[in-house]
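Here the protein sequences line up with chains P and F, keeping their order. Residue 74 in full-length UniProt numbering sits at position 74 of the first sequence, and the numbers go up by one each step. Residue 161 in full-length UniProt numbering sits at position 161 of the second sequence, and the numbers go up by one each step.
Treat each hint with caution, since some may be false.
Same chains, same label: a pair holds when it works inside one copy or across any pair of copies.
Computed cross-link-like contacts, SDA-like style, restricted to lysine to any residue with a CA-CA straight-line distance of at most 20 Å [as the list claims (entries may be wrong)]:
| hint | residue 1 | residue 2 |
| --- | --- | --- |
| 1 | 178 | 14 |
| 2 | 345 | 311 |
| 3 | 158 | 215 |
| 4 | 2 | 14 |
| 5 | 178 | 222 |
| 6 | 193 | 85 |
| 7 | 166 | 107 |
| 8 | 158 | 85 |
Since the hints were made in silico from the structure, they are not lab data.
Protein chains: 2
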Amino acid sequence: MKAEIIAVGTEILLGQVINSNATFLSEELADMGFEVYHHSVVGDNRERLLELLQVADKRSDLVVLCGGLGPTTDDLTKDVVAEFVGQDLVEDKPGLEQLHAFYRKAQRRMTPNNLRQVLVFAEGLALPNETGLAVGIFYQKPGQTAYLLLPGPPSELKPMFLHHAKALLAEKLPHEEKLLSRVLRFYGIGESKLVTELADLIDQQTNPTIAPYAKPNEVTVRLTVKTAKEVTGQALLDATEAHIMDRVGEYFYGYGEENTLEKVVVALLKDKHKTVTAAESLTAGEFQGTIGNVPGVSTVFPGGLVTYSAETKASLLGIDPAYLATYGTVSRECAEAMAVASREKLGTDYGLSFTGVAGPETLEEQPAGTVWIALASASGVESRLYHFTRDRAYVRHSAVMAGLDLLRRELLAEDNFSEES
Amino acid sequence: MKAEIIAVGTEILLGQVINSNATFLSEELADMGFEVYHHSVVGDNRERLLELLQVADKRSDLVVLCGGLGPTTDDLTKDVVAEFVGQDLVEDKPGLEQLHAFYRKAQRRMTPNNLRQVLVFAEGLALPNETGLAVGIFYQKPGQTAYLLLPGPPSELKPMFLHHAKALLAEKLPHEEKLLSRVLRFYGIGESKLVTELADLIDQQTNPTIAPYAKPNEVTVRLTVKTAKEVTGQALLDATEAHIMDRVGEYFYGYGEENTLEKVVVALLKDKHKTVTAAESLTAGEFQGTIGNVPGVSTVFPGGLVTYSAETKASLLGIDPAYLATYGTVSRECAEAMAVASREKLGTDYGLSFTGVAGPETLEEQPAGTVWIALASASGVESRLYHFTRDRAYVRHSAVMAGLDLLRRELLAEDNFSEES
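Just chain P, with the same shape it has in the complex (with noise of 0.2 Å):
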């Protein structure tokens, strides 16, 4: 069944936005079996919008368009579908209640043009909108070519598609066989080494397919099968991803495509019943805040120290000042000084440091992307030396997801050592 994708917006005519919606619309609608063979972009124009649509109803089974569904008579994509395909606009009751809800809750009040974001074809289907206010649509006529609209925003759009739009296209536009699919997650290994270990089964690939995709300090492999029955395409996958993981399983951290590393720890340490804090000096607090962007990890995770001047080290810490003169604070003496206080002082049963160069610029003669990442736990202290690349911000993630990795091997490596005792 062939599917293609339009994204309606001037802003990525002007590359101002990069249309990562079409990517992963595309990713998902060919894990349900749709052969996606056109993406376009077009602006905020009635005219050129229409011609294209003209074109789409002819070539495409299901047409997904993204964007113009907001507040301003910028977003238009609505109106020209709707008129395009015959249907009258009304307002969308639940969208409405949540519109109102959210305006209350805000103590704002409401422009009227917001209105708009609530319209819906007559006879389609509305998608709720989990994360903003513009409502999706889904619309077929029997025999025709289907239309689903979707929000712009990506953080509106991937729960529309994941949570609401996905089920209803496998009701309405369904496929004999079904394409099921698996995702692992690597950490510690790079692309290209890992195609290299797996390069002969990636030659050898047909059902399933193996699709490696790089993402920033992590290496997912999508397995792909096509089936007519569920329980032989969970064999396949299962069979594949054994052979996977004989190569490359010592990275391998977590399955799913929404999974992250701050989630398998957090779930880890719930599941020990065991705390972390942290001293953080060139993440400045952005691995408290990664790990504090899991629902739940109260539980886990009392709080901790910044730390990111020498003085603060000192201060927060109690480590001596002579002792960081000594060492300089890029040292592995100072990370694991920082663990080691950290973790007395917050009471948890792990603390992990930070210490080293973010960039652009060197520190005590370091070069930026130099880090040291320090564990402390009941039964020591360890250290390890980093170097990072690229820029600021890269180096910093880099050292947040590093840092997750080590207390999750040390997890792990707890739990090895519990079940043999």
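Take the given structure of chain P and dock chain F to it, following the hints.
Frame of chain P; chain F shown alone:
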């Protein structure tokens, strides 16, 4: 002059690669005065590419194609465009020499398919590839649509465009008028309210155009003017900016596409030789992590505290547990005590605190999104209650942005005060 961009590559349609080339080229072309009205993506498929070329040839003065110049049989862009415009393919001499030199240096045997990479149009111009092997092509028959063929990898496309194609386009497709643009950034006003305030200006816009764009917790407005003379263009931008500032100037915080609220705040702190710390509960380090990403922040930020649990608010900040029990941690009293204690503890000019309910669960019977932020300074402490919406990550980001803006306004107010005194 109308331009459009066609990316060729099945990997983009599968969602494995994001179409960042279109974003880069759009921005460059817009700056040169081209009007980019369409982006398209098509797979490595002769028929579908030919169909697109037929449409593009009619509606655009310049068609930029990227991808499909490589050595494999999948790489068919050159063959298809050559067929479409009626050109023979011939070997480019400098490209051929570079190719042989590459394989000599790599001490690898060249497979014959590599010769495809140096084929160019008999009557076209070859564009050298500084970072790869596939040669680019520019082709134009007088009075007809021009074609620019660029390689797919961004690391090859960008230098080829910037160092070779750009000057060629300026010469072969000259514009009398240039585009100048200016980005204004606003915090504290939603996109729909801003659009309402500027409605008549936006309706009347011709030159400059006014394009508002919503980003997480801020709104940008891009003014773009078409002008033959830089000085005239800047004057037109100034005039429009003045009108906009009359209406919504109180929310303006800075200029520039790559500017951020944290950059503005850190610059103000440096300017005024002031320092800041924070005690963070629901944001769990994200405020400090955010300012920590600005290079050179160490002169204004020594560090701070993450007091996620009630216990750490007592142990790290010295707040009386009985006081916390009386007022709760999601309270003005707790926020103000945290801000004052953090400032005293770190010895900074300012202390910011964040306490509230990140969600998704309620806390102390208060709904997710309820946040108190306090700012302590030499002149005392002030605090504000916020009701943020959406999910956990957005609530925390909203709190960070609100804290940055509180501090920014305080720094600007001190400025006025010292000027007056």
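So, going through the hints one by one against the coordinates:
1. 178 <-> 14: For residue 178 and residue 14, only the inter-copy Cα distance (15 Å) is at most 20 Å; the intra-copy one is 37 Å.
2. 345 <-> 311: For residue 345 and residue 311, both the intra-copy (17 Å) and inter-copy (12 Å) Cα distances are at most 20 Å.
3. 158 <-> 215: both (17 Å within a copy, 16 Å between copies)
4. 2 <-> 14: This pair counts as between: shortest inter-copy Cα distance 13 Å, intra-copy 29 Å.
5. 178 <-> 222: within (16 Å within a copy, 45 Å between copies)
6. 193 <-> 85: For residue 193 and residue 85, neither the intra-copy (50 Å) nor the inter-copy (31 Å) Cα distance is at most 20 Å.
7. 166 <-> 107: neither (34 Å within a copy, 50 Å between copies)
8. 158 <-> 85: neither (25 Å within a copy, 41 Å between copies)
Hint compliance for this structure: hints 6, 7, 8 are broken, all remaining hints hold.
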